[in-house]
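Since chain A is already given, all that's left is putting chain B on it; use the hints.
Number of protein chains: 2
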Amino acid sequence: MSLDRIFNAESVAIVGASRDETKRGHQAVKILLEEKFTGPIYPVHPHEKHILGLACHPRVSAIPGPVDLALITTPAATIPAILEDCGAKGVAGAVIVAGGFGEMGAEGRERENRLTDLARRHGIRLIGPNTSGLINLHTNLNLVGLRDAPRGDIALLSQSGNMALTLITEARLKSHRGFSYYIGVGNEADMKFHEYLAFFEQDPATRAILIYVEGMREGRRFLQQAYRTTRKKPVILLKSGRSATGKRAAGSHTGALAGMSRVARGAFERAGIVVIENSDELFPAAETLASLPPIRSNRVAILADGGGHATIAADMLTDLGLLLPTLSAKTQAALRRILPAAATVANPVDVAGGTDADPSLFADCARIILNDPAVGGLLVVGLFGGYGLRFAPHLSLKEEDAAHQMGKLVQKKKKPIVVHSLYTSEKPHALDLLRYYDITVYDSLEIACKVVGVLAQYGRYLKSYPAKVDFVMDWRAKARPEAQALITQARQENRHLLLEHEAKALLGTHGAAVSTDTLARTADEAVTCAARAAGPVALKIVSPDILHKTDAGGVRVGLDDEQAVREAFADIQANARAFAPRADIRGVLVAPMAGPGAELIVGTKYDDQFGPVIMFGLGGVLVEILKDVSFRVLPISLLSARRMIEEIKAYPILSGTRNIPPYDKRAIKRLLMICSEIMAAYPDILEMDLNPVIVYPIGLRVVDARILLKNAEADDPPLQGPA
Amino acid sequence: MSLDRIFNAESVAIVGASRDETKRGHQAVKILLEEKFTGPIYPVHPHEKHILGLACHPRVSAIPGPVDLALITTPAATIPAILEDCGAKGVAGAVIVAGGFGEMGAEGRERENRLTDLARRHGIRLIGPNTSGLINLHTNLNLVGLRDAPRGDIALLSQSGNMALTLITEARLKSHRGFSYYIGVGNEADMKFHEYLAFFEQDPATRAILIYVEGMREGRRFLQQAYRTTRKKPVILLKSGRSATGKRAAGSHTGALAGMSRVARGAFERAGIVVIENSDELFPAAETLASLPPIRSNRVAILADGGGHATIAADMLTDLGLLLPTLSAKTQAALRRILPAAATVANPVDVAGGTDADPSLFADCARIILNDPAVGGLLVVGLFGGYGLRFAPHLSLKEEDAAHQMGKLVQKKKKPIVVHSLYTSEKPHALDLLRYYDITVYDSLEIACKVVGVLAQYGRYLKSYPAKVDFVMDWRAKARPEAQALITQARQENRHLLLEHEAKALLGTHGAAVSTDTLARTADEAVTCAARAAGPVALKIVSPDILHKTDAGGVRVGLDDEQAVREAFADIQANARAFAPRADIRGVLVAPMAGPGAELIVGTKYDDQFGPVIMFGLGGVLVEILKDVSFRVLPISLLSARRMIEEIKAYPILSGTRNIPPYDKRAIKRLLMICSEIMAAYPDILEMDLNPVIVYPIGLRVVDARILLKNAEADDPPLQGPA
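For the record, the sequence lines run as chains A and B.
Count along the first sequence starting at 1, add 2, and that's the number in our numbering.
Count along the second sequence starting at 1, add 2, and that's the number in our numbering.
So here's chain A without its partners, still in its complex pose (with noise of 0.2 Å):
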């Protein structure tokens, strides 16, 4: 794959080079000659002969050898130019650094897709424009100003150059790992999140992904790559630009749409990302996940000297949904037989001072507490690294010895060993021991849970995956011939909603049990239908013309005589006419009366970054004041179904309490599934309102029901399935 030609380039062209130390070409030049770049480095420039000893060439089209990547430091409007040349010379990619393009509104968006469309004429991928650069580290091909940064085995994806800066800065200062590759995604104009992600899955040097990102261009088609990346190598993701302000300050250095929404969150777990809301825990999250084994069981103990750090992370990891099985009689009674009397040893284990005065304890303790089988992993808190500091040198050699010996259990046990160490900042030789060891360490007690948390979650997710097949469902619906109808009548006449009876009707042809309507033009037609329907009636007004029918005075309910029927008529109509004196008047919708159940509501919309999405929630105050609904990403499993009915807060109202019936879950799943299926069958579709949905012990009924349509020139990407 061509990719492999850009990110381990054998060659480089510096589009820009100059002798200028002021310059970024000339400082591109400097840091490849520096950090030993193993390929051939061209300079290009139109007169130099020579840049920091190298030879120059006036254009990449006269560079006698083959040129894999060209990194382009001019300005924005000469880069057209350049790219015909790069054609012309058979160039594989292109980093282009110059801003100017889609993050400065409509123009520069025209400008970005007219150099996209140019470069694939050319056969040219484009990394950018409006990005730091690339590094490879392990080729040296270091295009970005960075320095210093550690060479190891984590991806990292940014579209920020000061969160690169932070994350490398923070590998070199605080971890012993570091970074296989850094790309600066910048606009996505051509290579997008989800091609990088997929040369990383394949990459061998690269054990995890570490992604900073504002806004996603292509948020399906990341989270279809993300679904097959995340069972082979975990990704860990910080989404930032939640709220308004900080949308505004994202938009304003990055191209694309930014916002974390409920949607996004859930989205991107589904795939098996972590996703990180802490700034501070990235690197940390993308560090313990390439070091150590994921926890499977989701069960930990805590190892500590003295309560007030074990009391504190207890309460975190319980919050972070971990549990804290107690210890088994056997590995407690293992662990008195070592321990002082004033240890606790339920867990958390509390040496109690035990280790004052021989801190290899610290490792006995861990091995006992590893070997019970009801614990999954294991986080040390407090003091370990600080007895030699604080004691005596002597017991440094200690700490060392447990060091060693903690190392070799975490590989033997394949259990991890996260440790928490307020000596963090001294350099205790322990310390480092453990980090070659691949245990991670910590000096916030926060940091070191939820690194643990974040184990905890990915070996969850790996424990379930068969079961999350949403992402690799084919998402092709057959539509049908008289579904398809009444959207084709409705585009003919012009319009973008379908009447109520129309999407009924549309929800019925695919199986939906939607209350059993029909449309009276007449008084007397609306009494006759009364008659047929077993109960009293609600009439509605039936006017393309009129999207919110009580607004109008066009409902009336439980009407169960002639009479009532017909001065409901008489009373819609004419409040219809005073309402929208030129509404085009269908007739009156004639709807039996549902019993009482519990209300529902159903929605479908598209999501600006992932696509269609649906939304399920108890109705009325639950939905409209309490905003309890939970979202997916379409399509949706059956699974999926289940799930979204009970993660709602209000669940428990569903499944029946002292004097109340469990309501029919299945109906509901499957009400889901046939809004998923429609929302793949008809493209038209652009949102869809099932409100109330009337849920019984048995059964469910659609009681009202809007369907949208997309505006007929909309250019909707045509939806993906799987690549």
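Mixed in with the good hints there might be a few duds.
Copies of the same chain are indistinguishable here, so a pair counts whether it falls within one copy or spans any two.
[What the hints assert, rightly or not] Subject to a maximum C-alpha distance of 25 Å in a straight line, what follows is the list of computed DSS-like cross-link-like pairs (lysine-lysine):
{"hint": "1", "residue 1": "Lys-176", "residue 2": "Lys-429"}
{"hint": "2", "residue 1": "Lys-712", "residue 2": "Lys-429"}
{"hint": "3", "residue 1": "Lys-651", "residue 2": "Lys-629"}
{"hint": "4", "residue 1": "Lys-235", "residue 2": "Lys-32"}
{"hint": "5", "residue 1": "Lys-25", "residue 2": "Lys-51"}
{"hint": "6", "residue 1": "Lys-32", "residue 2": "Lys-176"}
{"hint": "7", "residue 1": "Lys-32", "residue 2": "Lys-51"}
{"hint": "8", "residue 1": "Lys-667", "residue 2": "Lys-629"}
{"hint": "9", "residue 1": "Lys-465", "residue 2": "Lys-416"}
{"hint": "10", "residue 1": "Lys-671", "residue 2": "Lys-415"}
Read the hints as simulated data drawn from the structure, not as lab findings.
Just chain B now, kept in the frame of chain A:
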């Protein structure tokens, strides 16, 4: 006040002093000598003549000069005799290190109580037991094993020795601030959190008070004291032990009941305390509040070089409830004049490389931004401190210049600046200068944002102070004789439960709008009562032996004619007899049916740490399943009553919607105040449960009420007004 003689002791006895270097009693003498305690040190040992060159005394009473404070390092069993001896000597206070008291269960608690009684008889105040000790950093009175604690103006109260070690280590390694005192609070057998707080409020050497607490003995008194203290000095508190496992861990090493409930958090915050959840944020919050003026406008600006940090910071500050106002046109124009075209100047301000050649521009930007009256504080994020390191050494001078300018700017404008810097670990001089000017600096973006949030939180509190009167309200209310009679009657009948009509009568006596029920003993009486009610009625069984009337088939509703009432009366009697054959049935309550309205629940109970509390929520699903309720420690003010109503998530329901008029919030407030008054007036009442209360657009009606009395034997401490 005698506490001064303890905390600023001028002479100290070390009981249990020893020549054995491994003993606490040896180390205590050694550290006092090394740290040059300013007063005389008296080692006490039955046989030794000299310890570490100091004359040793066989007992405290044998010491020639006066002794202010005794540190007792001997085991639990020896302490009573030592205290007797200290009493004879006139010692003011004793620090008791030994464990084996309240933290060890009932027997230990008994031992602890005897110790406290003994100390009181001898006029000695106790710190501990089960404490790491006490440090006064101004007199070098160090009775703890900890060395190297930096001197400063933060008073530290902790129930965990290793949390204290963490905080002291953090201060030493990362800050310019230090501590005035450290007190290991231990089991609070005698001296309690509120007494320490009162001392530090008055202490001129203390600017901020930092508390780590696991469980508090007298929560209510602490709140009352904190309410007074926090208007003068910030109090920062972390309370651990939220989770069940955390409580297990905490329970094993302090003697008090652990647990951070929603009640506790809310109560602390209303007393002006800055409550911290993450231990990483604890010292930074205290450091910043001790260093910088609070933000009184809740509005801040962000200044960055590059977008990533600005975006994340904007998200976080927004999450913390701060506003990021768009800067005024004048401010933006002034920034434009000094920054490059690529800069953004709306807020966040991104200098976009404009400081690369001269980082002193940061100070110019800060001056322009803080001159904007809409801005109450500034957060600088990213690269400050690293320009000299990254680009050219002479830029360090420019950074130092900027630090001087920003420091003076804070002093002049009385608006805080907080700095986030990637380069703190490199210790550039510019960052030291900032700290010298009391500008706090963090390498964690989260922590930098959090401390800005904390400055704003404290500022909001100080601004709203006069409205916060709960904790100084006089907690006395008059009992009404007719209501007291109901309680007396129940007591005579040996009942803990007031019958429904008694509970309503009691509420009615205090002006609550209860439903006008009548007790009917016969079916004829029931019919007469029902006829008097204008509309349908409900019948409910009245029996001290039936707590849950519905479960016993003891409730019938919607009865609208004589026959229905007679049938219901007979059914209810029969059901009740079948349910509890020996039940004492007093009759049947005839209650007019309440019209439709919104259902509320109001409850009161005793909290373990804070005494009587009140709860409010909307009835049914919202309380039972979604736990959408608000709490307050009693008594409440009218303002608190309003806030309780506004705080629940479902509040918009009460404000009315498109179709529903607003409900009578005044009536709800009044009912909450009545409940507050009743809990004050009748110390016999353990809890009240008003469920449901139906509220209407005008007025409300208590439809059912339950009042439980305390066990007659219960020995609750009397409720306290302000001391």
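### Task
List, from low to high, the hint numbers that the structure doesn't satisfy.
2, 4, 6, 10
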